[in-house]
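A.B. asks: Chain residues, written in single-letter form:
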Amino acid sequence: MYNFEYLNPTSLEEVSEVLAHSDGETVLLAGGTDLLDRLKEHLLRPRQVVNLKNVRELYTIERNEGLTIGALVTIADLAADAYIQENYPALSQAARSIATPQIRNMGTVGGNLAQRPRCWYFRGVEYRCLKKGGRKCYAVEGLNKYHAIMGGGPCYIVHPSDLAPVLIAYGARVTISGANGTREIPLEQFFQLPAKDLKKENVLNENEMITRITLPPQPENTYSLYLKFKELESHDFAVVSVAVVLHTRKKRITDASLVLGGVAPIPWKIPEAGALLKGKELTEPAIQAVAEQSVKGSDPLPQNGYKVHLTRNLVRRALTEIQQQL
Amino acid sequence: MSKWKPLEKMKILGKKYPRIDGAEKVTGRARYTYDQFKEGMLYGAILGSRYPAAKIVKIDDSMVWSLPGVKAVLTDVHPTGRVRYVGEEIAAVAATTPEILGEALRLFRVEYEKLPFTLYLEEAMKDEAPRVFPRRSNVNKPRIREEGNVEQGFAQAEVVLEDTFRTQVQIQTPLESHGSMVYWDGDELIIYDSTQAVHGVREGIAKMLDMPLHKVRVICHHMGGGFGSKLQPGIYTVIAARLAKQANAPVRLMLDRQLEFLTTGNRPDSLSRIKMGAKRDGTITAFFAKTYGTAGIGNGAGVRLPIVYSIPNVRHEHHDVYTNAGAARPFRAPGCPQASFAMEQMMDEMAEKLGMDPLQFRLKNDSNPTRQKEWMIGAERFGWHRRKVTPASDPGPIKRGMGLGASIWWPGGRGTKASMKIYSDGSVEVFCGTQDLGTGTRTHIAAVAAEELGLELKQIKVHIGDSNYPRSGASGGSTTSPSVAPAIKNTAEKARQELGKILAEHWNVSPEAIIFSDGYVIASGEAKQRLSWKEACGLLETDVLEVHGEWSEGLSSSGVAGCQFAEVEVDTDTGKIRVLRIVAVADCGLILDRLTTESQVNGGIIQGISYALFEERLFDPQTGAMVNPNFETYKIVGTMETPEIEVILFDEPERGVIGIGEPPTIPTSGAIANAVYNAIGVRIKSLPMTPDKVLQALANQKA
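Residue numbers (my numbering), protein chains in the order written: chain F, 1 to 326; chain B, 1001 to 1703.
For the record, the hints were derived by calculation from the structure and aren't laboratory data. One thing to keep in mind: the hints can contain errors.
[What the hints assert, rightly or not] The calculated DSS-like cross-link candidates involving lysine-lysine, where the alpha carbons are at most 30 Å apart (straight line), are: (1) K145(F) to K1114(B); (2) K1058(B) to K136(F); (3) K40(F) to K145(F); (4) K1003(B) to K1373(B); (5) K1126(B) to K1114(B); (6) K136(F) to K1055(B); (7) K196(F) to K280(F); (8) K136(F) to K1114(B); (9) K269(F) to K1693(B).
[Claimed, not checked] Derived, one-sided and incomplete: chain F residues facing chain B with beta-carbon distance under 10 Å: (10) Y6; (11) T100; (12) K136; (13) G305; (14) N313; (15) L314.
Every residue gets a Cβ at the ideal spot worked out from N, C-alpha and C, and that includes glycine.
Isolated chain F (complex conformation) (with noise of 0.2 Å):
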């Protein structure tokens, strides 16, 4: 049997020294949702498994100027939140979008913005694709309904978080801990394309830890909308989803962002969104321009031209509800 050392440290300051002497065959399991998986699939052979779970101050959701959230705060309490319902409300929503209420119950914030891609080929012992060492991505010549159209390649994986998404709309900045103490960036630069390196999503060393989220302010006449499509309403990942927030002042928009779930190996942001917006009414027009804008530079695999269809709709469809609540 295949046998690893199971620590249990209870303070930030006892995973950072467990940390600092990893050798990259350490793990970090909060909720186990996606890691037990993939350990019981042999994805990962690690030497080491940290439990963070009696790690206390990473379970504190804290109201200041804006929302400190720690990363092991479980899916369920984000979506029980009262103060986040009433001032986050997409983020609310995310969370309840999310796989079941079991899943709900152990996931944590800090393992939704760190998990690993759902690609069936990167989740398949058969396949040795470019994430693990391979030399070809197998959804090229194989079925790639649900892979990327935007920011593919070589490899064409979606990151299939949903909180992400809405985070990177409220601007929210994560703090990053590790071996080699703290260090705080915008959650927009945490992920990266695999054009950038194929065997992670994100920057995290591998002698790093998520520790919290940070969410500046919202001003008032915030409206905010995430918008998730999936195929089974039980419990799925996005096929796509749009988180959108938009600050108004007098029915005028004073910022918008836009970023889409689903359809990039990063959670990808439409940058042009803000540019179409400022300034303007929430008018047809102005939302038949973002909806063009969000799919241009699209570019499909054989079998998910489909997704293009559908991100413009949602895209249409989530300021559209915006729109009527205006």
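Given the coordinates of chain F, work out where chain B should sit on it, guided by the hints.
C.D. replies: Chain B alone, transformed into the frame defined by chain F:
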């Protein structure tokens, strides 16, 4: 033996009552094969082929043996060493914990000589496709069905339509995977198997292991579904028996989800090219179909066309096509959902072309008198008259539509034996070598016995799922109820007569005067004597009353009709189809338990929705491996996808008991497809009807 009582005189049958083992199941006390445990038991696992076509050159198990806890290894599992699909069994191991198994399987060093392979129906049909069997064409010779004269039929037709439909491979996906717990008791083999056929498995395994029948015993107390995939003896059982022998210990070998998906059967896919002709008055005159389907390396991919409707001139040519995939097995109404998806859409296309209402067109071409009534009942309850005549006429992106389809089934009852024991304290035991695959058979047996003896359900102890009990057939083809219920009735009737004789003697009246009712035994007529059931049984003193009975003609029949109406909502922005409502009318003769019968219809419809919208086995073209062998990516309908379902049971008690398990799953996909067309004005001719296909079809329509 006598007939069934009239329905109005029944105290239990035909009514609604919960399963006798329901509480046991929901509280986790019911022991499935998965739960079987014996002191010293080992855990077994099978190594499946990594390649879809290869010669096994060598299997080196030395590393496997080096792993602590490994107690038995087999490397001669495959009979020829020429594998034809990913997952095909090539080696096996048993170890002291299940955790060891995953590692043990990785330590087999298998040397393969890879061969070319073919995975998909239409590719395998091409001349240049690699052959699955070297000396045989992938495309089998046609099976031809011919009635009337199809040329003349088309000559009579005033409207002729042609179209092509495709359906996918669907996996049975029982919650409990296939597997056995086995142990040797001397030279006898005891098998706990998750099976739909305890006697069939005994006979099969005895043959495979060259053992006398009486030395093999098969037990299945509870099982977590089969849907047709558990009708046959499993290679895993033989492997478990051999591992158990080698290690001299009990072995439990349950397949993991991946091998379950790859090796234990499926519903074949289909390609149906159809031509249908009708007169302007709506009479179908001719039907021609050329169909193909792949049952992997097996046969039996037939498409039962034309289905349901009466057509005088028919020609159907079907070709099974081999591919490098696990063999198909029976799956709830084999060959029928594939046929119905194509047939019901053809019917609607023709009705539209003729300017007829789809329901009227069906009434005109349906010769089944029961279904004629069912169509009307269903249409009324569903509100068929509210169906939009013009498709896609809803404003806005979300559009609603209505559709319908019909079901049919054939088999009835067959030989089943049973026995009953009545003890002097009034307790009653029934023994029957059938099994309850989740349909409620255990409950139905108690109900029939209680009805005959004038007792309550809870007074009957039912023993099933053991090859030591009187022989009964496999639970397949919707034959269990019509096979078992008559046998139990006859057995109980015999017991009643025997006990009646004792009481007649006791009261000195004629045996005909003895009545069993509401827990009492009564001497009718002048004598007016009465004893409680328990007191009456007391007359047995130290004896046990034991009788044997069997199935007889006249208490069951065959042939089921039914129809379904579906209302759907299609989101034209996302391509998603949501089923809002299904109304189903179903008949099955004398209903044993209205609750389990409704459950069967509900289950058939839910599985039908899953077939229509979600399920599909997907093979990677590069490796031949299945990319979705798990419940994340092999999508199955869940609670949120289950619509409001209304089941209307059409009572025909005079026909006796008929099975209902299969027909309700037949028409659902076709009814949904027709409703989708009514909603959006585009036909989806390929299953499953996923958002990508709907969006593509809408885009093509626009273009």
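A.B. asks: Each hint needs a verdict: does it hold in this structure or not?
C.D. replies: Consistency of the hints with the structure:
1. Among the hinted pairs, K145(F) with K1114(B) is consistent with the structure: their alpha-carbon atoms are about 28 Å apart, no more than 30 Å.
2. As the CA atoms of K1058(B) and K136(F) are separated by approximately 28 Å, the hinted pair is consistent with the 30 Å bound.
3. The straight-line distance between the Cα atoms of K40(F) and K145(F) is roughly 26 Å, inside the 30 Å bound, and the hint therefore holds.
4. For the proposed pair K1003(B) and K1373(B), the alpha carbon gap of about 26 Å is at most 30 Å, so the pair holds.
5. Proximity of K1126(B) to K1114(B) is assessed by CA-CA distance (about 21 Å); at most 30 Å being required, the pair is judged to hold.
6. With a C-alpha separation of about 26 Å, the suggested pair K136(F) and K1055(B) falls inside the 30 Å cut-off, and the hint holds.
7. Only pairs whose Cα atoms come within 30 Å are accepted, and K196(F) paired with K280(F) is rejected, the gap being roughly 36 Å.
8. Restraint check for K136(F) and K1114(B): the C-alpha separation of about 20 Å stays at or below 30 Å, so the hint holds.
9. Between the alpha carbons of K269(F) and K1693(B) the distance comes to roughly 27 Å, so the proposed pair stays at or under 30 Å and holds.
10. At about 14 Å, the closest approach between the beta carbon of Y6(F) and any beta carbon in chain B exceeds 10 Å, and the interface hint on this residue is violated.
11. For T100(F), the interface hint holds, since its Cβ comes within 10 Å of a Cβ in chain B; the closest pair sits about 9 Å apart.
12. A distance limit of 10 Å between C-beta atoms decides the matter here; for K136(F) the minimum to chain B is near 9 Å, and the interface restraint holds.
13. Checking G305(F) against chain B: minimum C-beta separation of about 8 Å stays under 10 Å; hint holds.
14. Hint status for N313(F): holds, given a least beta-carbon distance of 4 Å to chain B, under 10 Å.
15. For L314(F), the interface hint holds, since its Cβ comes within 10 Å of a Cβ in chain B; the closest pair sits about 7 Å apart.
Violation of the numbered hints given earlier is confined to hints 7 and 10; the remaining hints are satisfied by the structure.
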